[in-house]
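Participant: These are the residues of each chain, in order.
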Amino acid sequence: MSSRFPILARLAVRNLRKSLRRSLLTGAAMVVGVGLLAMSRAFAEGGHEDWIESGVRIGTGHIALQAPRFYARRTIEHRLGPDEVRAVLAALRDPTLADDALEVAVRLELQGLASSAAAAVPVMVNGVEPDVERRFAELDTALEQGRYLEPGDRLHAYIGVKLAERLDLELGSRLVLTAQDASGEIAAQLVRVAGIFRTGLPEMDERFVQVPLETAREWVGTQGAATSVAVLLHSSHRVRGVQRALLERLASHRDQIRVLTWQEAMPALEAAVKMDDFGDYVFHVVTLVIVALAIVNTILMSVLHRTREFGVVRALGLTPGDTGTQVMIEGLVLSAVSGVIGIIVGFAVTWLFWRDGLDFSGMMGDGIRGAGVMLKPVFYPQFTPRVLLQSFTFVFAVGVLASLYPAYRATKIEIADAMKFEE
Amino acid sequence: MTPRAPGHGISGLFRRPWWRVGWRNLGRNRRRTLFTASGLAIGYCTVVVMSGLGRGMVAEMVGNGTGILSGQLQIHGLEYLPERSVYETLGGKEGTDVAALVDRVAGDPSIAAAAARVYGGGLVSSGDATVAASLIGIDPRREPEVSSILGTVYEGTQLTEGSNQLLIGREMAIRLDVGPGDEVVLVAPAADGSLGNDLFRVSGMFSTGLTELDGAVALLPVDALQELIALPVERIHEIAARVADPWAAPDAAERANSWLISDLVEAKATAWTELQPEMVFYAGLFESMEWILLVIIFAMAVFGVANTMLTGTFERRREFALLLALGAGPGLILRSVLAEAIALGVVSLGAGALITAPLMFWWHEAPPDMSWLYGGYTMAGGLVRPVLRVEYPPEMLWMAAVALFVTAVLAAIYPALRSAHTPPADTLAGR
Amino acid sequence: MRAGREFPQGGRPGGLLRTARGARLLVLVAVPQLDVPQTPPVYAQEGPAEIVDRVDRLLRGESSRGLVAMRIVTEHWTRSMEMRIWSLGTDHALIRILSPQKEAGLSTLKAGNEIWNYLPRVDRTIKVPTSLMGAAWMGSHFTNDDLVKEHQLIEDYDVEIAFDGVRNGVEVWEFDLTPKAEAAVIWDRIVYLVRVADLMPVWARFYDERDDLIRTITWSEYRTMGGRLVPTLVTIEPADKPNERTAVQYVELEFDLDLEPAFFSLRTLRSRDR
Chain A
30 MSSRFPILAR LAVRNLRKSL RRSLLTGAAM VVGVGLLAMS RAFAEGGHED WIESGVRIGT
90 GHIALQAPRF YARRTIEHRL GPDEVRAVLA ALRDPTLADD ALEVAVRLEL QGLASSAAAA
150 VPVMVNGVEP DVERRFAELD TALEQGRYLE PGDRLHAYIG VKLAERLDLE LGSRLVLTAQ
210 DASGEIAAQL VRVAGIFRTG LPEMDERFVQ VPLETAREWV GTQGAATSVA VLLHSSHRVR
270 GVQRALLERL ASHRDQIRVL TWQEAMPALE AAVKMDDFGD YVFHVVTLVI VALAIVNTIL
330 MSVLHRTREF GVVRALGLTP GDTGTQVMIE GLVLSAVSGV IGIIVGFAVT WLFWRDGLDF
390 SGMMGDGIRG AGVMLKPVFY PQFTPRVLLQ SFTFVFAVGV LASLYPAYRA TKIEIADAMK
450 FEE
Chain B
358 MTPRAPGHGI SGLFRRPWWR VGWRNLGRNR RRTLFTASGL AIGYCTVVVM SGLGRGMVAE
418 MVGNGTGILS GQLQIHGLEY LPERSVYETL GGKEGTDVAA LVDRVAGDPS IAAAAARVYG
478 GGLVSSGDAT VAASLIGIDP RREPEVSSIL GTVYEGTQLT EGSNQLLIGR EMAIRLDVGP
538 GDEVVLVAPA ADGSLGNDLF RVSGMFSTGL TELDGAVALL PVDALQELIA LPVERIHEIA
598 ARVADPWAAP DAAERANSWL ISDLVEAKAT AWTELQPEMV FYAGLFESME WILLVIIFAM
658 AVFGVANTML TGTFERRREF ALLLALGAGP GLILRSVLAE AIALGVVSLG AGALITAPLM
718 FWWHEAPPDM SWLYGGYTMA GGLVRPVLRV EYPPEMLWMA AVALFVTAVL AAIYPALRSA
778 HTPPADTLAG R
Chain C
48 MRAGREFPQG GRPGGLLRTA RGARLLVLVA VPQLDVPQTP PVYAQEGPAE IVDRVDRLLR
108 GESSRGLVAM RIVTEHWTRS MEMRIWSLGT DHALIRILSP QKEAGLSTLK AGNEIWNYLP
168 RVDRTIKVPT SLMGAAWMGS HFTNDDLVKE HQLIEDYDVE IAFDGVRNGV EVWEFDLTPK
228 AEAAVIWDRI VYLVRVADLM PVWARFYDER DDLIRTITWS EYRTMGGRLV PTLVTIEPAD
288 KPNERTAVQY VELEFDLDLE PAFFSLRTLR SRDR
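Protein sequences appear in the order of chains A, B and C.
Take the first sequence: its letter number 222 is residue 251 in the numbering used here, and every next letter is one higher.
Take the second sequence: its letter number 156 is residue 513 in the numbering used here, and every next letter is one higher.
Take the third sequence: its letter number 29 is residue 76 in the numbering used here, and every next letter is one higher.
Where hints are given, some of them may not hold.
Stated by the list, open to error - Below 25 Å or equal to it, Euclidean Cα-Cα: the simulated BS3-like pairs (lysine-lysine) are:
#1 C:K149 with C:K174
#2 C:K288 with B:K450
#3 A:K191 with C:K149
#4 C:K174 with B:K450
#5 B:K450 with B:K625
#6 A:K47 with A:K441
Don't read these hints as lab results, they were simulated from the structure.
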C-alpha cells in the first residue's frame, strides 16, 4: 500500500475538492471547534499560570527552602541558620539554576502580636528585603496609602487595611510588634506605618505585616537567619526539575534544609487549579466528539456515495487497504487543513482582541478569592508551545478518530455489490 | 443499507402533514441522520451536564460555606453583629424564651430546622499545650438538623446535653495532643467579669477540611457553655437555621424579620447572601458561563447540521426540480426542508434526553470521588470537596432544547433556500 | 478602647476584654514607697529625667507583700476581689485571689516574660499564650501584657518639665514624657503629675498619636504602710468609657521581706495555702 500512497493521496485531495462545499462546511465546524479550543486553552493556560503565579508570589514561591519542621510548626525555633541560608543562596547561584530562578526572596516569618494604643491583634510578621519583595510578592501593587518598603528602611512597616482599622493606625503611626525571640523570650519592636495595602484577602488585610528583613532579624536576635528562602521561577513547569537539582546540590544539608514545591506548600491551590483543568478537559473532549461526529458524517457520506467508484477501482486492482487508506487520508487532510486554520483563527482572534487581557472587572469587581489567592478580574491569554501542541494533538485525534470508521467501511466494499449499486 | 427509491409520488407530498414529510426525509438516510442527531444530542447533553456540574460546584461551595457551621439564616440580637459582644444576647439583657423562639423560627415553611447557639472565646489547655479557641455552645439534639459539622466527627462520640464535654477539630487535637476521653481545661472570661474555668472531657474530634474550624473551634453543649461563661439559660447569641434551598434564605429572612418586629422581639434575621456576598457573586459568574457554553456548543453544531442538510438536499435536487417543474411553489420545498430540520430536532432532543437523563441521575445520586486527582480547596470562602456531584439545572433543560431547535432550523435555512431555487431544467437534464 | 482583645472568631466578650493598655502591673504589685520622714526636696538640681526615674524606682520597689482590694466597674457588671500579692523587683510577682469565694485560690505568676495562671477549681496551671497577652487580666482594665512589661520609664521616654508650681494648694511637677526614637511603646505621650514634697505620683495620663486621651491612672490616699509613705488607692480609667474603672486599694503592705526568686515558681503557684 505504501507504494501507492502518493496516488491515493492525490485521489483523496481531488475528492475533497470535488465536493468543495461539503468539505468547506465540515471544515467550518472544525475551524469553530478548534478555534474555540485554541482560544480557551490560551486563556486557561494564561489564567492558571496567573493563578499559580499570584499564589506563589504571595505565598512561598514556586519552591520554598525551609527548616524541616517549619512547615508544620511555623515557629522561629525551626529556622535556617546563617550557614544554611548561605548554602541555599550559593546553590541557587549555580549557573544551571540561575537561569530558572527569576527571584529569590529571603524571609523571616514571625507569629506575633501587633499593638497600638487602641488594641492588640495577633499577626504574621514577615521580615523581607524590600527591593526583592517588590518584584516577588508584588504587594506594592495593592498599595492604598503611603508607600511600599524601600531598601534602607528600618523601622517601617507595610500593613493591611483591616489591621490599620482595628488598631486605629494611620501613616506614620506607632505600632509595637511582639514576638518570641530566638531565645524564647518575648521581644518587642517599634515600627511605624509606612504604607497600607488592600488585597481583598481577609487573612492578608487583617493579619499580615511586612517589615525590613534586617529589622526583624535584629528584633528577634537571629542575624543572617531566615525561616524560608522563596524561589520564583520563570515558568511553573520547571518546578520539579529545579527541586531535584536543589536537593542534589544541598545533599550535604539534607537534615537541615527541606525543599518544598508550591504544590506541597499550597495543596489547596494545586487542587483548585487541577479542578479547573479537569473541567477544561471535559469541555475539550466534548468539543472533540462533536467535531469528530461532523467529520465522520461528511466522510462517511462521501464513501457511501462513491460505492460504485470504489468498486471500480477495486476491480482495477486496488486492495481494500488501499481504498481504506485513501479515505483515511481524506479525513486526515480535511481535519489537518481545517484544524490548522482553526488554530490560526483561534489564536489570531485571541491575540487581536484580547492580548491585553479579557476584562471581567465589570462583573467581578476587584477579583475573587480562590484557594487563598485573589484572582484578578482580567484574564490574559498565553500562547505557549504547550498550548500549540495540545491544539495540534486535538486536531490529530479528531482526524484519526473521525476517519477510522469511514475508512473501515471503505475496506468492506465488495466489488460485486458495488457494481450493482445505483446512485 | 439499501437506499430507498425517492418519494411516494408527488401527490403524496402535497397532502401529507409537514412533520410526516420531515420524518420521512430523515428516514431516507438513517446513518446520516444518526450522526447528525448524535451531534446535536451530545451537544444538548454537554450543555445540560456541564451546567449541572457547574451548579454542583456552586451548590457544594454554598452548601459547605453555609452548611458546615453557619447555617443559611441566622438570628441575632440587634447589636450583636459585627462586634459579636458576649453581652448582646437575643432579646436584650433579659434574654428570651429560647425554646419558643426556636420553634417559631423553625415554623417558617422554607426553614427545615433551627437551633440555639452561644459563643464565647477562651483557652483550651491540656498539659503544656494551650490554644486560643472560639467556643461554640450548640444544642446536641437540634444542631445535626441545622449544620453538618457534627456529621464530620470521625472519632469519638457526639455531645450529650448538660455534660462537660466538648468536640474539637482535628488540628486542635493534634496541637493539644489529646483524643476522645482525655480531659482538657477550658478558661473563658465570663459575662459577670469572673474567669470561668472548668474541666471538660473530649468526647470526639471533627474534621471539616477548613483550617479556621479544625484548628480554632471547640463545640460544647449550649448549657455547659452558658454555665462556664456565666450566662443564664435564657440568654443566647444566635439562632441558626437551615433553609433547604439556600436561595430561598433571603425571603425566609424577610418573613422572619417581619414577625420579629411585630412580636417586638429585639432580634434581626440575616440570610447568608448578606453575610457572604462573594459567594452569591461567584454563583452568578458560573451561571453566565453556562450561557457561554450553550452558545459555543451549538455554534459548532450549526455547521455540522448545515452540512448534512446540504448533502441531503443535494441528493434530492432532482426531486425538487421535478416538483418545481410540476408547478409546486418554492415555498413548499422550503417548508419541506425546514420540516426535516424540525423533525431532526425532535429526534435529536429525544436522543439527547435519553442519554442525558441517566447520566444526570447517576452523577447526581452517585457522584464520582475525585480525591485521587485533587484535594479540597476553598472558593469565595466556601469549601469545595473533591466530589463531582451534578445538580439539576431546570431552566437549562429547556433552554438547551430551544437552542437545539434554533440550531437545527438555522442550519436548514441555507440548504432550504438553495433547494427552493433549484433550476428545474438544468437539474433534470443532469447538468 | 475601640477593638477588644483578640479571641478567635466570634464570642469576643466586648466590654470584658476591652481594656486600657500599657499600665504596668507595678502600679498594682509595687506601690510607691518612701521612707518617712523624708529629707526635704533636694531634687531641684536634678534633671526631670532623674526625678521621674526616682519616682519610677519608688514605684518598682524591692520586695513586698500586701493585701489588696480590687474593684472593677464596667458597663455590664461590677465586682470586687480581694487578693494577696508578693513581688520581688520587676521580674517576679505572684497574685492570689482570696475572695469572692467562687474564685478564691485563683493565682497568677509572673516570672520574667511569662504569665501563668493557676486554676484551683480544676487544679491546673496554664501559661498565657502570646496571642492573648493583650487580653484583660481577670476582667480588669489591666492586660496580661501590662503584667510583663518591665522597662523603666526613662529608658523608653524623654522627659521634660511642663509645669512646676502650685496646684490645688500642693506644689507639683508636671512631666511630659515622649517616647524615644525607637522605644517599643504604644503611647505617644504620657503626662505625669508628681508632688514635689514627697515625690508621690498624683496621676498619669496616656495619649495616642492624635493626642486623644486613652486612659488615666490616679494615685491617692497617701498613707504610711509598712513604715513607708504609699498611695494606697490606684485607679485606672479608660477615657472612652467614662463609667468604667478599676480601683486597687492597698489594705496591708510590708516591705523588704526575705523573698527569693525561687519563691516565684510554678510550685508556689500551685500550693493552695500561702
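Participant: Decide, hint by hint, whether the structure agrees.
Facilitator: Do the hints match the structure? See the list:
Our distance criterion of 25 Å between C-alpha atoms is met by K149 of chain C and K174 of chain C, whose separation comes to about 21 Å. Between K288 of chain C and K450 of chain B, the direct Cα distance comes to roughly 19 Å. Compliance with the 25 Å bound is thereby established for this hinted pair. For a cut-off of 25 Å, the pair hint linking K191 of chain A to K149 of chain C is broken: about 39 Å separates their Cα positions. Distance check on the hinted pair: K174 of chain C and K450 of chain B sit about 33 Å apart at the alpha-carbon level, beyond 25 Å; violated.
Annotation: proposed proximity of K450 of chain B to K625 of chain B holds, straight-line Cα distance about 16 Å (limit 25 Å). In summary, the hint linking K47 of chain A to K441 of chain A is supported, as the alpha carbons are separated by about 23 Å, within the 25 Å threshold.
When the structure is compared with the earlier hints, violations turn up for hints 3, 4 and for no others.
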